[in-house]
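Starting from the structure of chain A, add chains B and C with the ligands where the hints point.
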Amino acid sequence: MPDIEAIKSEAKRLLSEGMVEVMLAFKAGETPLHPQPAFFRTPDDVDELVYSSLNQNNLATYLTRLPKESKVSMVVRGCENRSVNALVVEKQKSRDNLYLIGVPCEGILDWRKIVAKAGEAVKSVNESEQEVMVESRSGYYLVERKELLHDSCMRCSHPNPVSADILIGEPLAESDSNLAREAVEEFEALSVKERYAWFRKEAERCIRCYACREACPMCYCTECFVDHIEPRWTESGATPAGMQAWHIVRAFHQTGRCTSCGACERACPMDIKMTYLTEKLNHDMKEKYNFETGLDAQTKPPFATVTLDDKNRFMV
Amino acid sequence: MNFILEKQALPDLLQTWRANFDVYLPQNLERFTHFMPLAAEGVTVINEPHNTRIPPKALFLPMTETLVKFTRFGGYENAKHEIEPRIVFALRPCDAQAVQLLDTSFLQVKYSDPFWLERREKTITVALGCHEPCDNGFCTTVGYGPFNKADLDAMLTDLGDFYLVETFSEAAETCFNGFANASETICVQALEVQQRAHDQMPVAFETENLKEKLEQNFSSNYWDKVSLSCLGCGVCTFLCPTCFCFDIVDETQRRERVRNWDSCMFRTYSLEASGHNPRPSRVERTRQRLSHKYVYWLDQVNQIGCTGCGRCVRYCPVGLDIRSMLRQAQSLPFEVSHAS
Amino acid sequence: MAERPGIALFQCQWCLFSPTDQDWVDNHLPNNIYLTKTPCTGRINPLYVLNAVQGGADGVMISGCLPEQCHFVTGNITARRQLEEFNDFLNHIGYEKQRVRFVWLDLQDRGMIQKELAAFEEELKNLGRAANLVTRMKVAEGEQNA
Ligand code: SF4
Ligand code: SF4
Ligand code: SF4
Ligand code: SF4
Chain A
1 MPDIEAIKSE AKRLLSEGMV EVMLAFKAGE TPLHPQPAFF RTPDDVDELV
51 YSSLNQNNLA TYLTRLPKES KVSMVVRGCE NRSVNALVVE KQKSRDNLYL
101 IGVPCEGILD WRKIVAKAGE AVKSVNESEQ EVMVESRSGY YLVERKELLH
151 DSCMRCSHPN PVSADILIGE PLAESDSNLA REAVEEFEAL SVKERYAWFR
201 KEAERCIRCY ACREACPMCY CTECFVDHIE PRWTESGATP AGMQAWHIVR
251 AFHQTGRCTS CGACERACPM DIKMTYLTEK LNHDMKEKYN FETGLDAQTK
301 PPFATVTLDD KNRFMV
Chain B
1 MNFILEKQAL PDLLQTWRAN FDVYLPQNLE RFTHFMPLAA EGVTVINEPH
51 NTRIPPKALF LPMTETLVKF TRFGGYENAK HEIEPRIVFA LRPCDAQAVQ
101 LLDTSFLQVK YSDPFWLERR EKTITVALGC HEPCDNGFCT TVGYGPFNKA
151 DLDAMLTDLG DFYLVETFSE AAETCFNGFA NASETICVQA LEVQQRAHDQ
201 MPVAFETENL KEKLEQNFSS NYWDKVSLSC LGCGVCTFLC PTCFCFDIVD
251 ETQRRERVRN WDSCMFRTYS LEASGHNPRP SRVERTRQRL SHKYVYWLDQ
301 VNQIGCTGCG RCVRYCPVGL DIRSMLRQAQ SLPFEVSHAS
Chain C
1 MAERPGIALF QCQWCLFSPT DQDWVDNHLP NNIYLTKTPC TGRINPLYVL
51 NAVQGGADGV MISGCLPEQC HFVTGNITAR RQLEEFNDFL NHIGYEKQRV
101 RFVWLDLQDR GMIQKELAAF EEELKNLGRA ANLVTRMKVA EGEQNA
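Residue numbers (the working numbering), protein chains in the order written: chain A, 1 to 316; chain B, 1 to 340; chain C, 1 to 146.
Just chain A, same shape as in the assembly:
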């Protein structure tokens, strides 16, 4: 775990020296499982700042909600840093207006997995490098950290922030970049029928609350295709056609823009899996165009690049 005091003192310094107007991080929530994203504006506010592996959201989603010119600092993990870069590439924020406090990330603990293990009424969660101690109504549970990690974090290959202005804590070892690929290949080894059955089963629980959209830093369109009325792109209700179209197109619009942070999946109130869709797209972008989202703040995603190098690929 990084040194929280070090994060706080850096945050206080930035705010008191007027280098930034607002600091984006988490504060303790009403319940131990749900720390809340918070906006700190004065050095005193920063006393409330917390950092733990229970911080579920990708804070970059708030960047496009703040005035474009505002000077912002953020506590970023690996994926959040990459999302910030992707937003900079898309000119949603100028890198000059950002100050990133980077924290090497040990992975997010999925609160659903915690509840599944320890039962209702979780009173406290204490984590160490290897293990997590959960206290709930039914007693104490000592669980291996791996077992509680969110699925997308288990496959993460870039836990370290790539372009932080200051890094708090020692960089972690880069993890195995094959894990994500293997997950995609495993899914694709299923038959067409099985793959569709899986997709249908996940999509049919959707209630179209759009929490996945709002939680994603890259979903910042003022008007989403599902909200568009003339023409209407897809059925509006919770019908199979509508739900499936939502899942397909939401994911597809993330091609070359998704950082596999998993925030969409964690936000979903219906426990719907979504990263098996975006992982496929990320995998393809890497295979076909050697592109990974957000590794720097300059490279445009493949769909925003046209090159005649593609010429020889036309006749397939």
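Derived from the structure by calculation, the hints contain no laboratory data. You may find that some hints are simply not true.
Simulated pairs of lysine-lysine, DSSO-like, Cα-Cα distance not exceeding 27 Å [to be verified]:
| no. | chain 1 | residue 1 | chain 2 | residue 2 |
| --- | --- | --- | --- | --- |
| 1 | B | 149 | A | 12 |
| 2 | A | 93 | A | 12 |
| 3 | A | 201 | C | 97 |
| 4 | A | 68 | B | 225 |
Note that the structure is predicted; figures quoted are calculated from it, not measured.
What follows is chains B and C with the ligands alone, placed relative to chain A:
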């Protein structure tokens, strides 16, 4: 009438009901429970200590429902839905209360919603009281409770090996026909369990003068503070058992006019054709959501429009908590209104 | 398969260099082929393809110009990147990859479109009716589809 229902006898009873009713009860769906029709193979009755993820309002107001079918040339006919008599089993008191609250909106003297009405008339509700109160629910705070009996046909109290069944309607009595009557002692025992559960629930916030405070601070920056990290998704409203807004849409490709759940937390909810939006940001939308529950419902039917079910607390993706929002509201300045 | 497979044809309006071919596409397509003409393949939003798939198309054909011959310079390259990926993505969730086919046509390719469509139809016959992802509710019986 009070009956005794052995837990062992329950699966058979549910199957017996299936002869004449569609029986809906919470069943496992992924890692949560969901109201689904009982199949012939039977099912283990789930004793999860809290309500289903999707509230049973969905059984009366489906997420998507066809109202009218039309043709290309101006013809149309009202949609018909085949609704069989049904028993909704093991819904929780908060959710049953919510259905009653929604009646005030859907069943009015002058106009009532035909689909809602038909579903209500054909449904027998058998609730399961919460002898072990759930985490994050706060039904007692808002004046209801884990054994709140409003608008139920029957209520079950878990007493170990058996349930005490209290019936409040003739229809429900028929459902439990043939079961042994409960003795005085058992009823007293049940009452104790009910009282204990009630007392276990902490007071989440004070409701006194809450309405005045929220109302009089309509323009306060309190709203900016509590809505800051809100994402503007539909989780809290779609999962709320008392939220009932819908949007009517023409699905021209299949020529149906449908209504879909809608949420005041969406930008498009209040967006006008001109492009003007009277609730331009999450601040106004959060204010609308809270005020609807804690001010406008009181104005309209003199009941708080939140039953304390705890869903918005549990599933908000950013951990926003209505209890803490309302606790913060307690320190807002206000004047006692002198309306007689 | 008794009926001929339904094919949604998205055609860039510039890609058929021969007026005879264009006339055939415009006026003599067999009725199992539904034509959507676009100003450029770059205009083909993946959502159009999805709409065809959900509506029950057994196959989708996209015809456009070769690289360096695009009327709008790079429309076809953009389209190819997106639509090819969309095809792979649909395949990922259960719409067989062979059901989407691209034809990039050249000046000399007279009569090619007919041949390509015929070959595609043969392949689709072997694949059978598309079932996965076909979710759009049908309009009431007896009504003509718009
Ligand atoms: S689509 Fe999901 S995993 Fe990808 S960036 Fe958005 S929230 Fe993260
Ligand atoms: S968050 Fe889940 S339920 Fe809500 S729209 Fe997204 S996938 Fe559907
Ligand atoms: S669930 Fe939370 S984030 Fe979503 S609209 Fe409600 S309060 Fe806002
Ligand atoms: S506002 Fe929240 S706690 Fe109250 S009834 Fe609705 S979902 Fe339940």
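Outcome of the hint check:
| no. | hint | in the structure |
| --- | --- | --- |
| 1 | B/149 <-> A/12 | violated, 53 Å |
| 2 | A/93 <-> A/12 | holds, 23 Å |
| 3 | A/201 <-> C/97 | holds, 21 Å |
| 4 | A/68 <-> B/225 | holds, 20 Å |
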